[in-house]
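Student: Position chain A against the provided structure of chain E, taking the given hints into account.
Here are the chains, one letter per residue:
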Amino acid sequence: DTGVSQDPRHKITKRGQNVTFRCDPISEHNRLYWYRQTLGQGPEFLTYFQNEAQLEKSRLLSDRFSAERPKGSFSTLEIQRTEQGDSAMYLCASSSTGLAGGPLRDTQYFGPGTRLTVL
Amino acid sequence: AQRVTQPEKLLSVFKGAPVELKCNYSYSGSPELFWYVQYSRQRLQLLLRHISRESIKGFTADLNKGETSFHLKKPFAQEEDSAMYYCALLNAGNNRKLIWGLGTSLAVNP
Chain E
-6 DTGVSQDPRH KITKRGQNVT FRCDPISEHN RLYWYRQTLG QGPEFLTYFQ NEAQLEKSRL
54 LSDRFSAERP KGSFSTLEIQ RTEQGDSAMY LCASSSTGLA GGPLRDTQYF GPGTRLTVL
Chain A
-1 AQRVTQPEKL LSVFKGAPVE LKCNYSYSGS PELFWYVQYS RQRLQLLLRH ISRESIKGFT
59 ADLNKGETSF HLKKPFAQEE DSAMYYCALL NAGNNRKLIW GLGTSLAVNP
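First to last, the sequence lines map onto chains E and A. Position 76 (the first sequence) corresponds to 69 in my numbering; numbering is contiguous. Position 92 (the second sequence) corresponds to 90 in my numbering; numbering is contiguous.
If you're looking for bench data, these hints aren't it; they were derived computationally from the structure. Possibly wrong hints are sitting among the right ones.
What the hints assert, rightly or not - No farther apart than 25 angstroms at their CA atoms in a straight line, the calculated lysine to any residue pairs in the SDA-like style are these:
#, chain 1, residue 1, chain 2, residue 2
1, E, K50, E, T69
2, A, K20, E, D99
3, E, K50, A, T3
4, A, K7, E, L32
What the hints assert, rightly or not - Using C-beta positions, here's what the derived DEER-type ranges look like:
#, chain 1, residue 1, chain 2, residue 2, range
5, E, S20, A, P5, 34 to 42 angstroms
6, A, S10, E, L53, 27 to 35 angstroms
7, E, R8, A, S28, 43 to 51 angstroms
8, E, F67, A, E18, 37 to 45 angstroms
9, A, E18, E, L53, 30 to 38 angstroms
All values derive from a computational prediction rather than experimental measurement. We treat Cβ as the ideally placed atom computed from N, Cα and C, and that holds for glycine.
The shape of chain A in the complex, shown without the other chains:
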């Protein structure tokens, strides 16, 4: 079964500290994975997609097929990074729907 697991519901760090939001997936084929972010009272926004290999707002994520993980990392957290982060897996079937984790709420404290 296709599944995305985000083990931490809440992650709290201090400004300037490194942050890692964990995402593990279960998928039989070659996965396509995304991170979306939702700031307070705003819509879901694409943060990054693994095939793009871009760094957005200082965040990076590396697909590790051996560990079936796609953890999101940032070396120095900023207060404006406080938001809800969702990891999502693209279904390879015709529908191309997204399969979502439960999300991790990141709080960056001053």
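Excised from the complex, chain E in its bound form:
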């Protein structure tokens, strides 16, 4: 499967614990996005990377959240001192910009998501 993958698929943690999620994008994609989705809502943008550079962070992303994409390949999203309000589905997507993307340039492809439950 050459699509976007995410690990783990489910995470249950106690309030105050730290959690880390991983996303592996489609290999030739230079952009990687993190979104969060809660019940009854559409996805909300959290942050994105172009190659290894994190270029924008949403105001939704508090100081407890940090994301990295160290070599411009996979990305991790860490949440420190989790709160019950962090419970959500965390989605990762990747896309290709520029001519390399062809007619599907800027089309985002999504992973299966990581469902976080904070007790």
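Tutor: Just chain A now, kept in the frame of chain E:
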């Protein structure tokens, strides 16, 4: 402000009936719009992108700039079309993030 509105949270039709899922947008420039579908327990999948002008699984969507709409249509609904449908707008800024509607749950009844 950039915004996507899907006015119907739930749409229920019978198999073989036409279906239209509404999407309206607010955007100052030339919009790029998408429909994504999420079947039960599956990931978000691209259904179609307006610039492609393709018909996927019998669905079509036409961009109407006058009405700022991008409604999704299918002439004859099938039970396997039951899913959550999201309309999304591509932000024209450098981040190229997607701005999403709340989604419409389509139920196709036998």
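Student: Hint by hint, say whether it matches the structure.
Tutor: Quick rundown of the hints versus the structure:
1. Under the criterion of a C-alpha separation no larger than 25 angstroms, the hint pairing K50(E) with T69(E) is consistent with the structure, at around 14 angstroms.
2. With a C-alpha separation of about 23 angstroms, the suggested pair K20(A) and D99(E) falls inside the 25 angstroms cut-off, and the hint holds.
3. Pair hint K50(E) plus T3(A) holds up; C-alpha atoms about 24 angstroms apart against a cutoff of 25 angstroms.
4. As the CA atoms of K7(A) and L32(E) are separated by approximately 12 angstroms, the hinted pair is consistent with the 25 angstroms bound.
5. Take S20(E) and P5(A): their Cβ atoms lie about 39 angstroms apart, and the range 34 to 42 angstroms holds.
6. Distance hint check: the CB atoms of S10(A) and L53(E) are about 33 angstroms apart, consistent with the given range 27 to 35 angstroms.
7. For R8(E) and S28(A), the Cβ-Cβ distance of about 45 angstroms falls inside the hinted range of 43 to 51 angstroms, so the restraint holds.
8. As the Cβ distance of F67(E) to E18(A) is approximately 40 angstroms, the hint placing it in 37 to 45 angstroms holds.
9. E18(A) and L53(E) have their C-beta atoms about 32 angstroms apart, which keeps the hinted 30 to 38 angstroms range intact.
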